[in-house]
Amino acid sequence: MNIPLSITKNIHDWLFEVMSAPVATVVEKVLIAVAFLGFFALAGLLLVYMERRIAAFFQLRLGPNRVGPQGIFQTIADALKLVSKELTGTVKADQFLYKLAPYFLIVASLMALSVLPFSKELHAFDINIGVFFLIAISSIGVIGILIGGWSSNNKYALIGAMRSGLQTVSYELSVGLSILTIVVLAGSLQISEIIEAQRNGWFIIQGHIPAVIAFMIFMIAGTAETNRAPFDLVEAESELGAGFHTEYSGMNFAYFFLAEFINMFIIAAIGTILFFGGYLSPFGITESIPLLGVFWFMIKVLGLVFLMMWFRWTFPRLRVDQLLTLEWKYLLPINLFNIVLMAIIVWLGLTINF
Amino acid sequence: MTDLIKVYKINSMTNSDLQTLISSWNSELEFSEAESQFLNITVKPEHLHELLSQLKSNTETSFDYLFCLTGMDWGTDLGVVYHLESTTHRHQLVVKVKTSDRENPTFDSVCDIWSTAEFHEMEVFDYFGIKFNNHPNLKRLFMPKDWVGYPLRKDYVDEVNMIIK
Amino acid sequence: METTFEKNSFKSEEYFINMGPQHPATHGVLRLLLTIDGEIIKNVEPDLGYIHRSIEKMCERDSYQQIVHLTDRMDYLSAHINNEAVCLAVENALGLEVPERVKVIRTIIAELTRLASHQLWWGVMGMDVGALTTYFYGFRDREMINDIFEETCGARLTMNYNIPGGLMFDIHPNFVQRTKDFVAHFKTKLPEYDTLLTGNVIFQKRTKGVGILTKEDAISFGTSGPVARASGYSCDVRKLHPYSAYDRVNFNEALFTEGDTFARYRVRIQEMWESLAIIEQLIDNIPEGDYKTATNAVIKLPKGEFYQKVETARGELGVFIVSDGKKNPYRLKFRSPGFSNLSALKKMAVGSKLGDLVAMMATLDIVVPDIDR
Amino acid sequence: MGYFSDIYNGIKTLLTGMSVTGKYFINARKEIITQEFPNNRDTLKMFDRFRGEVVMPHDENNEHRCTGCQKCELACPNGSIEIIWDRVIDEETGKKIKAIDKHIYHLSMCTMCGLCIEACPTDAIKWSQNFSNSAYDRTVLTKVLNKPGSKIMPGVKDKE
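Protein chains in written order, with the working numbering: chain F, 1 to 354; chain S, 355 to 519; chain L, 520 to 892; chain P, 893 to 1052.
Simulated from the structure, these hints should not be mistaken for lab results.
Be aware that one or more of the hints could be misleading.
[Stated by the list, open to error] Taking lysine to any residue and the SDA-like style, the derived pairs with C-alpha atoms no more than 25 Å apart in a straight line are:
(1) L:K845 with S:F392
(2) S:K493 with L:S573
(3) P:K904 with F:L336
(4) S:K493 with L:I536
(5) L:K576 with P:M1001
(6) P:K1018 with L:V817
(7) P:K963 with L:D581
(8) F:K329 with L:G718
(9) L:K734 with S:T413
(10) L:K819 with S:E387
(11) L:K845 with S:S386
(12) S:K410 with S:N491
(13) L:K561 with L:D736
(14) F:K329 with P:G902
(15) L:K576 with P:E965
(16) L:K865 with S:S463
(17) L:K706 with P:S911
(18) S:K493 with L:R572
(19) L:K724 with F:I213
(20) L:K576 with S:M497
(21) P:K937 with P:E923
(22) F:K92 with L:S531
(23) L:K819 with P:E965
(24) L:K734 with S:N412
(25) S:K398 with L:G823
(26) L:K872 with F:Y330
(27) P:K1049 with P:N953
(28) P:K1043 with P:G986
(29) L:K845 with P:C1012
(30) L:K811 with L:E799
(31) P:K1018 with L:E670
(32) P:K1043 with P:I1009
(33) P:K994 with P:I1009
[Stated by the list, open to error] Just a sample of chain L residues kept apart from chain F, beta carbon distances all over 10 Å, derived:
(34) P540
(35) R550
(36) S573
(37) R675
(38) F694
(39) H704
(40) L795
From the three backbone atoms N, C-alpha and C, an ideal C-beta is built for every residue, glycine too.
All chains should be modelled from the sequences, with the hints used to inform the complete structure.
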């Protein structure tokens, strides 16, 4: 664990000064965990607020604007309401799995959050297989959906959960392959190295044609991974009511809801890291101030999140067989072809470097 | 505009032509044009299915569109009124069937001739208690399954729910 | 040699699902009993009566003026056209000739009602296939029509503007200008409907070839309105049996032959253009004159049977009045378009997927109070 | 080749769809169609003909125009109107005439069809334009339209 960024380094040094090394390590880990939990909650609430406002503007409405300035505390009020609500559920549900499911989902998204670099070396967990770790962790979440839908003893929930299973299994492939295309270009799986390799131009420019194709596939498959419209078959409200979380209420429901938004954040963050240079500023304009990396990272992530929201509020939903057709007939072959193309481009040195 | 109406009404048979043609099939039919804008045929229950299927299959009449099926309570008689239209000839016809049996009124179903009759006959059964032979799924459609009585009959009494002015 | 392979060992299991009475896609309190094998629908059985108010029985009790307001509550999206049907039936039975002004105003408002109904349908159709934003665009345009209604009739939905013999009161002085403004506004917005939803590749994939109803089936199931016209059965009552001012306007009957969900969608979009054309032809030519003819305070129809059909936004509405000469009808039957259209659902839905059923229900454009009455 | 043209056309239609919603997003502030309802309750003006509820206008002398002919009661399809009347001696002519004691209006049963106002021969009742009439207690919705102690306007007579 190396956190040399000035603030975090100071805290690190201070902690090891005032207490013995083992205690300091534990305290430091706890502090990091608390920071991430706080970030998780805050980012989730902010994204929910952002979604509601943006949706309102697409739909010629105002959106929440009563609680706090411009309604910014609306989602906090909603969260408080959800916390205070009774947890209802079906009697015949498989109680253990039923209660376990939301935590599965939320732990999976939290773990994925840990490898994201918010700025240069503001990193909780920079392992050398970072991208691989991300893909592996992000597909654990679907188990939460599956057991949630299965255990709530509701047919609508079951249909939703099964749809989610097949959707994730297929689109996992496309996400992985489109990330692989970029890994071919970067030559590393370590996230910090991938970002540093983009100092000479973001990968979407370095890799030009295959990178743009990979980006489009990544956005489509990523939207499908997070079960958002137009791929929201899992909770298709006009077909299944609420899908897999039909029987959940109160905070259990809120976990599902927050996890969806955090997953969206993670997909957008992966997109930023792989295609738009992560925390790197455009043309290196704020190279000297590492803390501004957080700002650039968030700007880029929120831009991609906005794009996903734009998809959601424009497109109709696909049918379940069309979802599979899109993946296996279109995205997968193009993706395989795209990797070969990228390999040829890297081999011949046709990348664009500044 | 009038041309268009003419195009839509091509090959239409007049009421008297229809009467001559249909009366040649069955001599026991009663025809009437009084008090109605259509030609009315009153048919005995036992000839109902035969007449209606002939009305549809005969190419000159070809009444293939059953646009209204009404249950009726004429005080003493229960019955059904069929409003028919031909989509090729665009002429219209009304067929009525009556029975004086109020305990167990039964007619032949016309579901096999016009599919729409399935729902309409369920509605008639629900309101008037008229049963239809060979109906695939005769049950209460609108009223609760355990409702007693047939609410649109004239002798139906419900002192709780009905407000008589 | 007898094979040891048993088919039954691979048999999939069918199960029941209750779609409704509270379900977002059934547009009201309609309950569908679905038998499903995985995602594939094996059987659909509608269970009706959740909003049954026995309007036909109430009609036997009420006077003819009072019946009119009950019809608002049947198909509330074409309330004015329902009112018109009863009024026309009573007027025809009495042999009453209503002033030209009434006929033209009735026609304009009927077409505005149709537009409002189709706009709502378009919004909800988009929502059913998952595009939530269409709902608000549809409502934005519908709101202008509702304002016109509110200014002239006093109510936005259940207007009860017709009375036997004419209209309850004259049109508001702003009516003509507001209607013209609306037509000008909507002509710029209707193409947007196409770019947003009609052309969308996902929408087309969701609707093309889904829920096919052949012409023979459409006729046999007694369907009418856009559902029948999408199957190639020309059944526009406004053309076949013109009433009010429809005999003097020029419009085309929207007719498609594919019979699938997309054809039903296109019929309604086409109908919106035709309705705009009808309004444009009439709005400048509202003749001067009375807004009603005097009738007796107590209307008694002559003894006999009277049938009147009109074209509502959903199809052919028939009003069958049996009169015994008293001040209230002996029997009054409403042949509602949604009832017959719904009966064709089973034919369309069996064998398709759960998502398709929602799209089919959307293009059947069911209003449940119209079915249950 | 149809494979690639499918992809091309598909993406094109998706982008045109996004351009429509994107245009509205950029102009979002100008084209808002919703109202912030309870906040603008005081300034909201309904149309003149809006059917809020039935009221009976009184003039400054606490006089109304209702003769108690009960035509509105008869015209009402759902029995929302009840008139309790009595015979009083007319001061001018000395004859006994009908006069209302109470004109009771059940807003909870009213369907706003307007037949009573059509039927009234003396224009005694009319629509008011108030809205959001819902209440927590049903009895609040049963209203007596004539004010206590009110009389009929002089000169208003039944057309017999």
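Check the hint pairing K493 of chain S with S573 of chain L against an upper bound of 25 Å on the C-alpha distance.
holds (17 Å)
Grab the minimum beta-carbon distance between P540 of chain L and chain F and tell me whether it stays above 10 Å.
holds (13 Å)
Is the hinted pair K734 of chain L and T413 of chain S satisfied, with a Cα-Cα distance of at most 25 Å?
holds (18 Å)
Is the hinted pair K819 of chain L and E965 of chain P satisfied, with a Cα-Cα distance of at most 25 Å?
holds (19 Å)
Taking only the CA atoms, is the gap from K1049 of chain P to N953 of chain P under or equal to 25 Å?
Judged against 25 Å, a Cα distance of about 18 Å means the pair holds.
If we take the beta carbon of R550 of chain L, is the closest beta carbon in chain F still more than 10 Å away?
The claim holds: R550 of chain L sits with its nearest Cβ about 14 Å from chain F, beyond 10 Å.
Going straight from one Cα to the other, do K904 of chain P and L336 of chain F come out at no more than 25 Å?
It holds: about 23 Å lies between the C-alpha atoms, which stays within 25 Å.
Would the hint linking K329 of chain F and G718 of chain L be met if the CA-CA limit is 25 Å?
holds (22 Å)
Quickly compare the C-alpha distance for K706 of chain L and S911 of chain P to 25 Å and report which way the hint goes.
With Cα atoms ~19 Å apart, K706 of chain L and S911 of chain P stay inside 25 Å; holds.
Is the hinted pair K92 of chain F and S531 of chain L satisfied, with a Cα-Cα distance of at most 25 Å?
holds (24 Å)
Against chain F, does S573 of chain L hold up as non-interface, every C-beta pair farther apart than 10 Å?
Given that every Cβ of chain F is farther than 10 Å from that of S573 of chain L, nearest at about 30 Å, it holds.
25 Å Cα cutoff - pair K1018 of chain P, E670 of chain L:
holds (16 Å)
Of the numbered hints listed earlier, not one is contradicted by the structure.
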